[in-house]
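Chemist: Listed below, chain by chain, are the residues.
2 protein chains.
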Amino acid sequence: MARLPIYLRTLFEVKADEVSTISSERLAELAGVNAAKVRKDLSYLGSFGTRGVGYEVDHLLVEISRELGLTRDWPVVIVGVGNLGAALANYGGFGQRGFPVAALVDADRSKVGTLFGGHKIHHLDDLPALVADRGITIGIIATPAAGAQEVADQLVAAGVTSILNFAPAVVNVSEHATLRKVDLALELQVLSFYGQRDLLSASLREEPGVSVDSETAVS
Amino acid sequence: MARLPIYLRTLFEVKADEVSTISSERLAELAGVNAAKVRKDLSYLGSFGTRGVGYEVDHLLVEISRELGLTRDWPVVIVGVGNLGAALANYGGFGQRGFPVAALVDADRSKVGTLFGGHKIHHLDDLPALVADRGITIGIIATPAAGAQEVADQLVAAGVTSILNFAPAVVNVSEHATLRKVDLALELQVLSFYGQRDLLSASLREEPGVSVDSETAVS
DNA sequence: CGGACTTTGTGAACAAGTGAACAAGGTCGG
DNA sequence: CCGACCTTGTTCACTTGTTCACAAAGTCCG
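Line order of the protein sequences matches chains A and B.
Here numbering that gives the first Met the number 0 is used: position 131 in the first sequence is 130, and no number is missing along the way.
Here numbering that gives the first Met the number 0 is used: position 38 in the second sequence is 37, and no number is missing along the way.
Note that these hints are calculated values from the structure, not bench results.
Take every hint as true, because none was put in to throw you off.
No copy is singled out in the list; a pair is fine if it fits within one copy or between any two copies.
Keeping only pairs whose Cα atoms sit at most 20 Å apart, straight-line, the calculated EDC-like set for lysine to aspartate or glutamate is:
(1) Lys39 to Glu28
(2) Lys36 to Glu24
(3) Lys110 to Asp124
(4) Lys180 to Glu12
(5) Lys180 to Glu28
(6) Lys14 to Glu62
None of these values were measured; they are calculated from a predicted model.
All chains, please: the whole structure from these sequences, using the hints.
Modeler: Spelled out as structure tokens, the structure:
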């Protein structure tokens with residue numbers, strides 16, 4: 000399921016090249032996955048490929064968009080207008096893709112009332128009213144780690160059902176809500192792990208005499 | 000393996016509370032995972048828990064840091080100083096966690112030479128020299144999708160072995176390099192999918208007579 | 001109109017990751 | 001020093017996801 004957005008983006012790209020039909024193999028190549036996986040994923044939506052030809056690009060776009068619920072806009076509220084929150088508010092990519100920033104919220108009263116990227120910053124306490132008035136269903140947490148759980152609770156209480164958490168903290172929500180997280184430092188630490196490993200194996204090739212526990216070196 | 004950074008963060012938090020020893024069960028609870036998983040993950044690093052007591056926090060911190068290669072700083076270069084790149088450069092979180100921003104690079108010559116967040120912006124062509132001089136091993140791609148693959152190739156050619164890609168595009172690198180991606184729009188689209196589904200099931204409960212294909216409704 | 005060719009959709013083997021359960025090993029009070 | 005108690009490390013069954021392989025279905029050219 001998490002691959003559908005990738006297919007969607009890929010299909011938009013091939014559509015720009017005026018390709019009207021595409022095979023699972025070609026789509027797989029462009030999306031960077033296995034062809035069988037593509038077919039299985041798409042067959043789950045229903046079967047509207049034609050054998051011997053492939054999938055009609057326009058039709059696929061419609062079906063995937065519908066499955067993902069992208070036939071309408073989903074307004075979002077950004078909580079926490081610090082460095083990261085400000086950046087996200089400024090970043091135009093959300094609105095373009097159907098997720099307009101509908102409100103900015105912060106707990107710091109000195110920020111409340113100021114304008115940022117065309118939006119007035121509201122206080123956290125106004126969350127319920129904002130969510131209700133503007134039909135917001137998605138909340139983005141861009142606060143420090145310490146406040147993340149608290150904010151998540153308030154978002155859910157205000158009626159938000161989907162949360163994207165950028166704060167480096169473990170956050171739990173009731174089972175009625177969906178939470179996903181993006182942890183930038185975590186991504187870098189994983190890269191560091193691989194970088195470290197490559198460095199290690201490189202130095203081993205240079206000095207094979209150095210004794211290192213093989214299991215550690217391997218994986 | 001991708002869970003080690005979470006354990007690390009959690010351990011730092013409990014250390015601040017002057018906890019010197021922790022059981023797998025407690026750590027699992029704080030990190031939001033299963034206790035057996037914690038034990039299995041940690042046993043892979045070697046076995047330095049003591050049965051009947053738990054794990055020594057300080058020792059674990061050292062071991063996990065070493066495993067992740069966090070005993071040194073890993074300078075990063077950010078390619079693309081647009082909205083997102085600028086935001087990431089400004090965001091202090093990287094430097095704090097051992098990933099100092101060592102250089103900013105852009106293809107737009109009108110930006111080159113200007114200062115941003117204490118860093119002078121260099122031209123993309125200077126990448127090889129910057130990477131070599133400043134010991135950079137990690138590159139962050141914050142360009143538009145169209146340039147992402149090209150930038151990735153140049154990063155690898157310049158000697159970078161780990162890449163974090165924020166551009167909404169599929170990027171391939173040689174097997175000597177590691178690539179991870181963060182796609183903000185993708186995360187929101189996944190949330191949209193769940194939001195859509197919740198809406199659907201809610202309306203079904205209200206009007207059970209409405210006919211909807213059951214397979215679509217279920218998952 | 002018929003046969004060669006292409007591509008889907010799916011069944012079945014395979015691999016990876018998860019979680020429950022338990023024995024081995026260690027602590028601690030008496 | 002001993003037995004009750006606790007927690008790790010590991011085994012095993014199970015679920016989930018991936019990939020292969022192939023029959024069914026459709027196109028297209030002669």
